[in-house]
Amino acid sequence: MNCLTEEIAMLYADREMSPAEAFQVEAHLPECVACRDLIATLTEENAALASYFQAPLPNRRLTAFSHLAGSIAASITIAVPLQWVVAQVSQASVWVNYVASLPFEAAFRAVRAFAPLMLLLIITQAMSFGMTRRTSQGPLVIPSQETIADSVLATGETVLVEGKIEGNLFMFGRSVEIRGEVIGDVFAGAQEVRITGHVTGNVMAGAETITVSGQVGGSLYAGGRNVHVDKGARVDLEVLAGAETIAIDGAVGRSLTAGAQSAVIAGEVGRGITFGGNKVLVRSGGKVGGDIKAEVPDRNSVQVDPGATVAGKVDVSIAERETSNPWARPGTYIWEVAVLAGAFLVGWLLMHLYPAFFTGTLHNVRSWASAGTGVVALIVVPVAAVVLCVTLIGLPMAIGSVFLYVTGLYLAKIFVAAYLGREIMGGKNGNGLPTLLGLLVGLVILQAVFFVPYAGGLLKFAVLCLGLGAVILQVRRQTLTAAAQ
Amino acid sequence: MPSGEPADVDALVARAQLGDSTAFAALYQAFSRRVVGLCHHMLRDRDRARDAAGDVFMRLRTSIASYNGSTAFERWLLRVAANRCIDLIRQRRLERRWIAEDETRADPPSSAASPLTLLLAKESRTGMERALGRLPAEHRLPLVLRYYADLSYDEIGAELDLEKSQVAGRIFRAKHMLRKLLEETPR
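These protein sequences, in sequence, are chains A and B. So the first sequence is residues 1 to 485, counted in the working numbering. So the second sequence is residues 1001 to 1187, counted in the working numbering.
Chain B extracted, bound-state conformation (with noise of 0.2 Å):
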């Protein structure tokens, strides 16, 4: 759990469905830095990463009111900033392939690759966040929505409009591929 998470979220929650100003702030305190850091790692981009999150709070005081319990209230939060993501790379046609079909057109990845594991040990964080910048968006959203916002793969596929088969390929593929650029990277 973030550090920076009230005990009980949910009457939080329920305070902000009510319309209590001080309880949207109260969540805005809580959960932002997950909802910057998650739009960070979809889109790449600082700016644009915080510009998005706060779209996410300002449009919260409707879409709150979606809101049913069902889910733990930071795995909602992170799948409507994902969703928000998604829709900004979508018009910016940021990359134009990010929801390519293909994807037998990649070379089947080598087993070989040693495991991210070791890697990320030695490797500085830096060199992580660079590798991940390389990785081309339609393989970095499922790991990202997988590893941070903590989403099956259903869910992901969900939100990418993709099978769920699609989802565990592509994560696969992104893995392999983090691999290859962290050896690759002599640092």
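Just chain A, same shape as in the assembly (with noise of 0.2 Å):
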């Protein structure tokens, strides 16, 4: 008989040989050193497997919750920021009158929808056990030997990335920059954000200032005061941004679609342009491939500098003032179709992530001490953030609760009407969670009864003191399992 291949070996220490053919394998086993020792080996590597899984396993209960609460506080610092942005730059625009045309505040609002999105991204992420973490309170580098093969989360004062990541990359710090390779997506929150070196996936960032002087392979996603794409830089993708001024030196390999008080194109836009603001102008040399469509306050605010091309048709409409009755406004409806979907998928991810967690809170929301503790909780959490935050120790405290308070807020809602749905509509196999169609369900019907004048707006404070009173006690709870265990 010839030598083992490894399949047969294993076949034989596993005991899934017939007795023939183990009576082969026993023949030749001792005229042969090398298959005595595979075969010693597979067997050791087998007694190895079975008692790594006789051992009890490893208690995750509360490392998975911190785990939550983490990816939360992640995901509003990055949906904080970029919603507060956007709200001083709506209100800047009203001050300085020359308030919302419809594409403008459709901008706003298509940034304002991704919260929700980069919240499910984010916890998505987060959640898979291969991310790997870098913190540090002051600067934190990740040098350029160095490359790690996996999803980064890097947080610190300034973040400085030389090296190669083979993930997505989340970012957050006073002032952060890519200097190396990103082999992925770059999530970034942080006052500045820099992109000096390569990403050859989409960039979503929430900053005071986003630089592009690099490479993006994908799309740029960007709320912010001042977004800029330097000379030589290029998003071979689209740009969509909500900012205050916004430049693009360099290239955007497809579409630029903003809304902005000014942008300003002097170097290569591949596709069209869509624009709600103040200001575009097109400076000499600039190239646009497609068409310009601005809605502005008047016709001389869409500028093309003689030297400047634009290949398709520039399209002025006049931006009228906002009508008195948001419901005349197709944008309302779409707004309130996009939040809805938000809390759904939110809603639904936590639910297939957290069923029990789910349905302890659910459990809870009819109880009277949620709606106490939530009262409590609404009034007592802001007023003591605001005393942290005077004691500069307790500053991260402050945030951090101010994090956790924000998203149970978001939350109370979705966890009131998966309650409502669940009484409405049923729930599938007693296992205590509602239906997708009763969450939905629920849903809809909260957000239907808020536009009730004055009764709405007590409901919905109703509704926030139960549903965030539900999600504190729970997470008491639990912590307090996890603590006993």
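These aren't lab readings, by the way, just hints derived from the structure by calculation. Every residue, glycine too, gets a C-beta built ideally from N, C-alpha and C. This list has only true hints and no planted wrong ones.
Simulated restraints, written as ranges between beta carbons of each label pair: (1) Q1029(B) to L436(A): 35 to 41 Å; (2) E1184(B) to M17(A): 29 to 35 Å; (3) E7(A) to D1087(B): 28 to 34 Å; (4) E336(A) to S1063(B): 45 to 51 Å; (5) D1008(B) to M17(A): 33 to 39 Å; (6) R36(A) to D1010(B): 36 to 42 Å; (7) P1136(B) to R15(A): 22 to 28 Å.
Make the complex out of the two chains shown on their own, each in a separate frame, by following the hints.
Okay, structure coming up:
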């Protein structure tokens, strides 16, 4: 008999051979050291695997929970600044009185609609066990000789990525920069975001200043005060931005969609520009490969300098004043649907990822303790956060609690809706979870009821209190159980 | 044998088959850890594993009638649990390709990888846990059923609708993938 292949040896070690086959192997073994060693190694390996499986499971409850809290906090770090920036810019726009043309608002709303999407993406990403974390109180550097073959969460006062990341990169800090290479998507929340290196996927950034001086292989989704694609830089696909000023000095492969006070194009946009806001300027040497569609206060607000090329036509429409009835505008409905879809997706995800947490919270919804806890939390948390902010040491805690608070508020409606939906439509398999249809029905009912004048506002308050209280009680219970285990 | 196992399982089972509630409680006490563990390794989610295990014990009240004593009770129970998990995976289509046919698409494994024994010795449990989590279900499930539930290739084949040779191939591949994954993670 010839020597054993590893697969044959495995069959023997696993005792999966017929007596006749095993007999042949046993006849061969005494004359062959290599095969004896192979069998011995495989047998040992089997024993090691079996003993690994025999050992009790590690207790994951607490870590899984802190994981959830961490990832939600991380997602809020991006969603909240984004919302904030949008709110600031919207307010500023009202102040300088060029208010709310439809595409202008629509673009902002599109950016706002990203918030739940990002939440989803980040939760799912953070859930993957493989995520590598790099954190620092001060500056964090991933040096140029380092390659991380994994998704990375990097946080620090400043974050500098000089190395190579083969996975998605989530980066948060005061100032963050990619000089190296990211083979994947980038999610960044910071005061200043700079991309001087190479990102093969999309970049989603919420920051005061976002500058691309390198290469982005996907699209750039940016919400900030200033968004700048530098000379020599390139975004292969689209740029979608809500900002005060947008400057394209480099190249954008496809289209530019922007809501901004001003957009200045001195570089190249491969396809068209859709703009809502105050002013569009295509400078000499600038190239637009398609149409320019702009909704601006007056005709002079779109300016194409001599020496600039626009391949398509320039289509200017004059922004009308916002009608007083929001229901007359289609944007309102689109926005409401986006909010609903976001809440539904987040609810669905939570239901699948944390069914026990979900049922526990639903169970709390009907209790008076939830309502009480909710009322107290609704008032106490912001006050406590302000007090903590005053003491500098408490600052991280204050920020952390505000993150969790805002998250709780977002989730409150979802849990109450799920509860409603379950009561109305019934649950599935009696596992305490509502059906997806139930969740949707609950959300639609709540969303509709909130619009009733006066009573709707009161009800919203009640729902927030109940939901927030239910979430807090459940978090507390699970933390206690975990601590007791 | 797990430490929680009572001396006379057969007597307990016999009493449970007659509908004795305390016997069910004792069986739960004795085997719930093993069942939860199997579900955990198969479903890769602690909460879902608990739900599935709870389900198995709930249904045990009726399903225990079909236990005829031809195999050890624990083995039989683990097969029932495995069945439940496979149903759940199919239902939720957790991984659509979990039972994909094409064995051939994977490149032949290199035999240069060091044996798992060495890697397991220096590897933390979490490293192993993570590596297992990265195995596609089609390879993870046979491995778990073989070395956790101690099922034979034929029994695994019956659970997963596979030929014995396919089971062997998948376990072989799974071990190679594990070796590679464990070698790759520097920790």
